[in-house]
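S.K.: Take a look at the letters that make up each chain.
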Amino acid sequence: MKAHARKGFANILDRAEWLGPIMLAPAILYILALIAFPFGLALLYSVSDVTTGRQGLSLVGLENFRGILESPTFRKALKNTFIFTFVSQFLVMVLAQIMALALQQRFAGKPVVRFLLLLPWVAPIALGTIGWKWMYDSLYSVINWTLQALHIFGPNTWPYWLGEPDLAMIAVILVHVWRMFPFATVILLAGLTSLPQEVLEAASVDGAGFWRRLFQIIIPMLRPIMTVAVLFGIVFTFADMTVIYVLTRGGPYDSTHVLGSLAFFVGIIGGDLGEGAAISVFLFPLLLAVAIVMLRIARRTEVD
Amino acid sequence: MRSTLFAVVTFFTVFAAFPFYWMLITTFKRTGDLYNLQNNPFIFNEPPTWEHLHLLFFGTLFPRWLLNTFFVGAIVVGITLFVAVPAAYSLARLVGRWGESLGIGIFLTYLVPPTLLFIPLSRVIATLGLQDSLWSLVVVYPSFTIPFCTWLLMGFFKSIPRDIEEAARVDGCSRLGAVVRVVLPLSLAGILTVIIFTFTLVMQEFVYGLTFITSASQKTISVGVPTDLVRGDVYYWGPLMAGCLIASVPVAILYNFFLDRFIAGFTVGAIK
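Protein chains in written order, with this note's numbering: chain A, 1 to 304; chain B, 1001 to 1272.
The following block holds chain A by itself, in its conformation from the complex (with noise of 0.2 Å):
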C-alpha cells in the first residue's frame, strides 16, 4: 500500500496516536496559557497584596478575605449579584416559556419575529444596555412618557429610575431580562419541535385540555433543554459586569454593584489587584455547581 512507503514524519503524522494529540495539542496550550494559568493567577492575587503599583507581592494570607467580607459594599453586592441572577432567571424562564409556546403556532411574518425577538441576544451587550440607558434618562425617558401619557403615572410622578437604589435594581433586572430571553425562547422551542408529538396528540386524545397537557406533560420533557438554557442564563448574568458598568457604574451610593463590577472597580480602577481578585474568587464556586450539573446532563444524554 503507498501509505506505507512514505517516510520519516510524514509517517509520524499518519498514525493516530500521534496526529491526534499534536492537532489537539495548540488547543490544550491555548487554555492552559489563557484559562488555567490565569485562574491559578487570580487565586494567587486574592491571597497576596499585589497592587497595580508595584512589582512584586507577598502572601498576606487571608487578609483580603476578611477586608471584604466586612465591607458593607461587598456584602451589598453579593447578594445582588445572586438576587439580579435568579430574579432575571426566573422571570426569563416563564417569558421563554410563554414565547416558545407562541412560537411554535403557525402565523404570518414568522421570520420577522424571529429576526425581531433575537436583536437583545444578538446586539453587544454595553450597546443594548446603553439603549436602555438613554431609555431610564432622567429627564428624557420615554418610558416614563409614554407611561404619562397612557395616565398610568399621575402627572407628578416621573420615576428616577438610575438614580434611587430600589428603582435601579429593578432597572437592572429588566436589562438582564430583556437580554437572555431571546436566547432561552431560541433554545425552549427548539426542544419544543423535537418532542414527539405522539405523546402530544395521545394527550389530546384522552382529553387532557391546554393547561394540563402544559404543566404534566411538556414542561416535564422539556426539563434537560429548560435547564441548560438556565444554567447558560445563570453564568452569564453571574459573571456580569457590562450591564452594571455601562447602565450604573454601580450607582447609585454603590447599591447595584455586583462582584464583577466591584472587582472591576476594586481591582483596575482602584489598582488593588489582591482585593480586587478575592473578590471575584466568590465566582467560582457558583459557577463550579453550574459546571457539575452540566457534565451531569451531558453524561446522561449519552447514557440513553
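Worth flagging that the hints you see were computed from the coordinates, not collected in a lab. Treat the numbers as computed from the prediction; the structure is a model and nothing was measured. For glycine and all other residues, C-beta sits at the position ideal for the given N, C-alpha and C. There may be inaccurate statements among the hints.
Every beta carbon over 12 Å from chain A, so not counted as near; a handful from chain B, in silico [to be verified]:
| # | residue |
| --- | --- |
| 1 | Pro1048 |
| 2 | Gly1129 |
| 3 | Leu1134 |
| 4 | Ser1159 |
| 5 | Leu1192 |
Computed beta-carbon distance windows for the label pairs [to be verified]:
| # | chain 1 | residue 1 | chain 2 | residue 2 | range |
| --- | --- | --- | --- | --- | --- |
| 6 | B | Leu1184 | A | Gly163 | 51 to 61 Å |
| 7 | B | Arg1064 | A | Asp166 | 35 to 45 Å |
| 8 | A | Leu62 | B | Pro1185 | 50 to 60 Å |
| 9 | B | Phe1071 | A | Gly163 | 37 to 47 Å |
| 10 | A | Ala36 | B | Leu1184 | 23 to 33 Å |
| 11 | A | Gln197 | B | Leu1037 | 48 to 58 Å |
| 12 | A | Leu295 | B | Arg1162 | 19 to 29 Å |
| 13 | B | Glu1051 | A | Lys79 | 36 to 46 Å |
Chain A is already provided as a structure; the job is to place chain B on it using the hints.
M.R.: Chain B in isolation, oriented as in the chain A frame:
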C-alpha cells in the same frame, strides 16, 4: 385563542425590539426635537436630520473603532480556525473514548468568565507590554472563542461518516490528506458558522476591551461607543444611538442565518 397568540407575540416582539426602534428614531431626530419634553417622542416633530450620523462618522473616532474591531475580528477568526479545526477533528476522530470527555472539558472552560480572569490577565498583558494595544485583544479573545468553536466543530465532524475518509485513505491519501481533501469541504457549513460566531463574539466583548485598552483611538466599537461619546457628564445621545444601531444590526442579520447551528452547539446534546 388566536387573539391571545397575537397579543403575546406582539407584546414580546415589541419588548424585544423597542429599544432598537428607539435607537433608530433618536439617530434621526434633531437635537431640539430630542430634548423637548413637550413633543411626542414617537414622531418626528421636526424633520429628520443626518447631523448625528455626520457627527458620528466625521467628528468622532467611530470609523477608527470600526476598523479596530474588524482588525481584531479578522485575526481572531484566523487564530480560532487554525486552532479549533484540528482540535475538533482530533477529538471527534482520533482520541478514542476520552475524546468525548475532553471535548466536554474544553467546552466547560467557556464557562470560566472574563470577570474572574481579567484581573490576573491585566497584569500579564502589562508584563508583556501589550497594554493599551489591540494585540492584547488578539491574544486574549481566542481564549473564549476556541473552546466553544471546538465544541461546535466536534459535532460537525462527528456527523461526517467515517467511510468517506476510509475511502480516501484506500485511494492513497495520508490521514492528513484525507482531512484536507474530504472532510473540510464537507464541513464548510460548520466552518462558516465558526467564522460568523467568532466574529460576533469579538464584536460583543466588553470586559477585556475595557480593561486592557485606555486610549480612545485603540478602542473597539463595543467599548468606544458607551464610554467615549460622552463629554464629562453629557451623553451625546444622537450619535450614540446611531453608533449602537450601526454596530448591532449587521451582527443580527448574520446571526439569523446561522441560528440553528448555534442552538445545536449550546444544547450539549440535551436534545437528540
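S.K.: Give a verdict on every hint.
M.R.: Outcome of the hint check:
1. Pro1048: holds (17 Å)
2. Gly1129: holds (14 Å)
3. Leu1134: Label holds. Min Cβ-Cβ 17 Å, cutoff 12 Å.
4. Ser1159: holds (16 Å)
5. Leu1192: holds (17 Å)
6. B:Leu1184 <-> A:Gly163: 51 to 61 Å: 56 Å Cβ-Cβ, so the 51 to 61 Å window holds.
7. B:Arg1064 <-> A:Asp166: 35 to 45 Å: Roughly 40 Å apart at Cβ, these two residues keep to the hinted range, so it holds.
8. A:Leu62 <-> B:Pro1185: 50 to 60 Å: holds (57 Å)
9. B:Phe1071 <-> A:Gly163: 37 to 47 Å: The hint (37 to 47 Å, Cβ to Cβ) holds, given that Phe1071 of chain B and Gly163 of chain A are roughly 39 Å apart.
10. A:Ala36 <-> B:Leu1184: 23 to 33 Å: holds (30 Å)
11. A:Gln197 <-> B:Leu1037: 48 to 58 Å: Distance hint for Gln197 of chain A, Leu1037 of chain B holds at roughly 54 Å.
12. A:Leu295 <-> B:Arg1162: 19 to 29 Å: holds (27 Å)
13. B:Glu1051 <-> A:Lys79: 36 to 46 Å: The hinted range 36 to 46 Å holds for Glu1051 of chain B and Lys79 of chain A, with Cβ atoms some 45 Å apart.
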